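One line per chain: the protein sequences are S and C, in this order.
Heads up, the first sequence is in the numbering used here, so the first residue is 1 and it goes up one at a time.
Heads up, the second sequence is in the numbering used here, so the first residue is 1 and it goes up one at a time.
Hints should not be assumed to be uniformly reliable.
Pairs of lysine to any residue residues, derived as SDA-like cross-links and limited to a Cα-Cα distance of at most 20 Å, are as follows [unchecked claim]: (1) S:58 to C:266; (2) C:225 to S:58; (3) S:55 to C:225; (4) S:98 to C:225.
Some chain S residues near chain C, calculated using beta-carbon distances under 10 Å [stated by the list, open to error]: (5) 3; (6) 7; (7) 65; (8) 72; (9) 73; (10) 79; (11) 80.
A short list of chain C residues far from chain S (calculated; beta carbon distances all over 10 Å) [what the hints assert, rightly or not]: (12) 24; (13) 133; (14) 145; (15) 156; (16) 157; (17) 192; (18) 236; (19) 266; (20) 267; (21) 293; (22) 319; (23) 321; (24) 398; (25) 403.
Honestly, the hints are just simulated from the structure, not real lab data.
Model, not experiment: these values are computed from the prediction.
Each residue gets a CB set at the ideal place from its N, CA and C atoms; glycine is no exception.
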Amino acid sequence: MAQKNFAGISVDVNDEGYMTNPSQWTKDIAREIAKEEGIELTEKHYSLLEFLRQKQAKGESLTIRSVGTSGFIDIKGFYQLFPGAPMKKAAKIAGIPKPASCV
Amino acid sequence: MKKLLILGAGTGGTIMANKMRNLLERDEWDITIVDQHKTHYYQPGFLFMPFGYYTKHDVVKPKTNFLPFGVNVIFQGIERIDATSDSVHLKDGTLLHYDFLIIATGTRTAPEETPGLTGPLWHKNIFDFYTYEGAEALAGFFKTWKGRELVLNIADMPIKCPVAPLEFVMFADAFFTERGLRNDINITYVTPMSGAFTKPRASKVLGELLVQKNIKIIPDFYIEKVDNEKKAIVSYDEREIPFDCLISIPVHKGNPLIGRSGLGDEMDFVKADKYTLQQVEFPNVFVIGDAGNFPTSKAGSVVHFQADVLTENLMCAIENRPLTDKFDGHSNCYIETGFGKGALIDFNYDTEPLPGSFPFPGIGPFGLLKETRTNHYGKLMFRWIYWHILLKGKEMPIDSKMTMAGKKM
Ligand SMILES: Cc1cc2nc3c(=O)[nH]c(=O)nc-3n(C[C@H](O)[C@H](O)[C@H](O)COP(=O)(O)OP(=O)(O)OC[C@H]3O[C@@H](n4cnc5c(N)ncnc54)[C@H](O)[C@@H]3O)c2cc1C
């Protein structure tokens, strides 16, 4: 298992840089991963990240569409927060596995 | 009499009706299967229709030809499952009770999820080939179309047979080359994924194939709407891609009956255990095929492998034993690459498609993750196998569990 250092803390990551142990996640780590993705996190980002982490912990499926129809945010807003590939970026920054919806 | 009820008489329901009728005593078990349509479609054949390679007779047969003697067949829409009282309501008001239920209602395309998709250009310049009607309309259109921008767009994942869109653009390349029109036609493959396919090694190999064939890939494109006036698809991050002919793979959802029954996720796919195939809340309800939220391909080959596991586990449940069999996510797909060649991928939940030979290590006859002529014949043979062996639930010389034998790391 690869390790990566964020905010002075060493965390487990896979070869694509996704954290493999969600319990190691902190807001500081999120800020640093976001920086690598070119995103400056705001309160809006953080509340969405928390929301995604809760959904993931409950074993619910995470896709752009499921997040966009959850009532929390719409798809357009999701794209504005995490431009380009919102689900992949948000999952990476939220410290949860890359969504396995793509099969 | 005890009752086994099967919802949906497509690939999975038909296989299970055949397998279970062979196993369950006729004087103890009543088996009933329900479907809204009398016609069975060979869906993989929809890929071949737009190019005139297959016609109606290759892909359409009556469902009853494949259902065994001794199974009650009801042609009627299913309204709702009431799993707390082990019963199912049909559209005409009929109420059916069951001891065990198999849900095999598949997935459907939902073009209405994308604004503008079914607008004025629908089936004029915009086609889907995932339905019989779409494939047939496209076959008519391609007979006279001269170009120029051919755009294929996958609206969202998951979709049925995730290699079919790749096969489509490679067929289109061959088809228009043979007609001397290829220089006048640009083919663009627009996908919400980061590359040609979902799994890294296959994505690389298939992506390179597209480049060789001069097919342009536009990744990470998540469609918001179709602009009918501009003839363009528009993404949520406001990129626009113009088309003269758009081939859309619409959003896929489960049947609305699953939502009405409270058994599914937000896309109406039944929540099921990916190993045991049991519905997560109701132990006497099982799921097979496209209807489930299984994280593997929605494909006929998957249905076939799941059928072995489901048969075993259903017998365990019926006999009050712990469920002994586990589905590993095994999927096996032939990929048509055009000009009489094909590729093949074999994978499961944990192992991505790898190169090698199949099913016999070193011998084949099929080559994994490479283009060969034999693979193309494999795909053509699949239609015969589907109608004559697969649907009837007969044994095939391929194990339902994926094996590493013959694969190269
Ligand atoms: C273009 C295309 C190419 C493909 N290529 C391949 C390939 O090369 N290889 C491969 O392995 N697979 C391929 N597939 C996928 C394969 O066809 C499907 O995965 C498979 O048929 C799924 O079987 P199923 O039993 O889950 O669903 P289906 O066979 O779709 O059956 C579902 C049944 O349920 C019935 N139903 C649903 N809701 C209701 C209701 N409310 N009331 C009554 N009846 C209902 C429907 O009428 C239908 O008959 C392809 C599919 C397409 C579209």
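Going down the list of hints, with the structure as the test:
For a cut-off of 20 Å, the pair hint linking residue 58 of chain S to residue 266 of chain C stands: about 14 Å separates their Cα positions. For the given pair, residue 225 of chain C sits about 31 Å from residue 58 of chain S by alpha-carbon distance, which is inconsistent with the 20 Å threshold. Taken as a hint, the residue 55 of chain S and residue 225 of chain C pair is broken in the structure, with Cα atoms around 27 Å apart against an allowance of 20 Å. For the suggested pair residue 98 of chain S and residue 225 of chain C, the alpha carbons sit about 26 Å apart, so the restraint of at most 20 Å is broken.
A hinted interface residue such as residue 3 of chain S counts as satisfied when its beta carbon comes closer than 10 Å to some beta carbon of chain C; here the least separation is about 22 Å, so the hint is violated. Annotation: interface hint on residue 7 of chain S violated; nearest CB of chain C at approximately 27 Å, more than 10 Å. The interface hint given for residue 65 of chain S is met, as the beta carbon of that residue sits about 6 Å from the closest beta carbon of chain C, less than 10 Å. A cut of 10 Å between beta carbons decides the hint on residue 72 of chain S: the least distance to chain C is about 12 Å, and the hint is violated.
Contact between residue 73 of chain S and chain C, as hinted, is not supported at the beta carbon level, the nearest pair being about 12 Å apart and thus beyond 10 Å. The interface hint given for residue 79 of chain S holds, since its Cβ lies 5 Å from the closest Cβ of chain C, which is under the 10 Å cut-off. Checking residue 80 of chain S against chain C: minimum C-beta separation of about 9 Å stays under 10 Å; hint holds. Distance to chain S confirms residue 24 of chain C as a non-interface residue, since its nearest Cβ pair spans about 33 Å, more than 10 Å.
Chain S leaves residue 133 of chain C outside its interface by the beta-carbon criterion, the shortest separation being 25 Å against a cut-off of 10 Å. Distance to chain S confirms residue 145 of chain C as a non-interface residue, since its nearest Cβ pair spans about 32 Å, more than 10 Å. Not every beta carbon of chain S lies more than 10 Å from that of residue 156 of chain C, the smallest distance being close to 6 Å; the non-interface claim is violated. Consistency note on residue 157 of chain C: stated as away from chain S, yet its beta-carbon is not over 10 Å from all of that chain's, at 5 Å minimum.
Annotated as non-interface, residue 192 of chain C brings its C-beta within 10 Å of a C-beta of chain S; the closest such distance is 8 Å. With a least CB separation of 5 Å from chain S, residue 236 of chain C falls inside the 10 Å interface cut-off, contrary to its annotation. Non-interface call for residue 266 of chain C relative to chain S: violated, since the shortest CB-CB distance, roughly 5 Å, does not exceed 10 Å. Against chain S, the non-interface label of residue 267 of chain C is violated: not every CB pair exceeds 10 Å, the least being about 7 Å.
With 10 Å as the threshold on Cβ separation, the claim that residue 293 of chain C sits away from chain S is violated: the shortest Cβ distance comes to roughly 7 Å. The Cβ of residue 319 of chain C sits about 30 Å from the closest Cβ of chain S, beyond the 10 Å cut-off, so the non-interface label holds. Annotated as non-interface, residue 321 of chain C keeps its C-beta farther than 10 Å from every C-beta of chain S; the closest such distance is 27 Å. Residue 398 of chain C, annotated as away from the interface, keeps every beta carbon of chain S farther than 10 Å; the closest lies near 20 Å.
The claim that residue 403 of chain C is not at the interface with chain S holds, since no C-beta of that chain comes within 10 Å of its own (minimum 20 Å).
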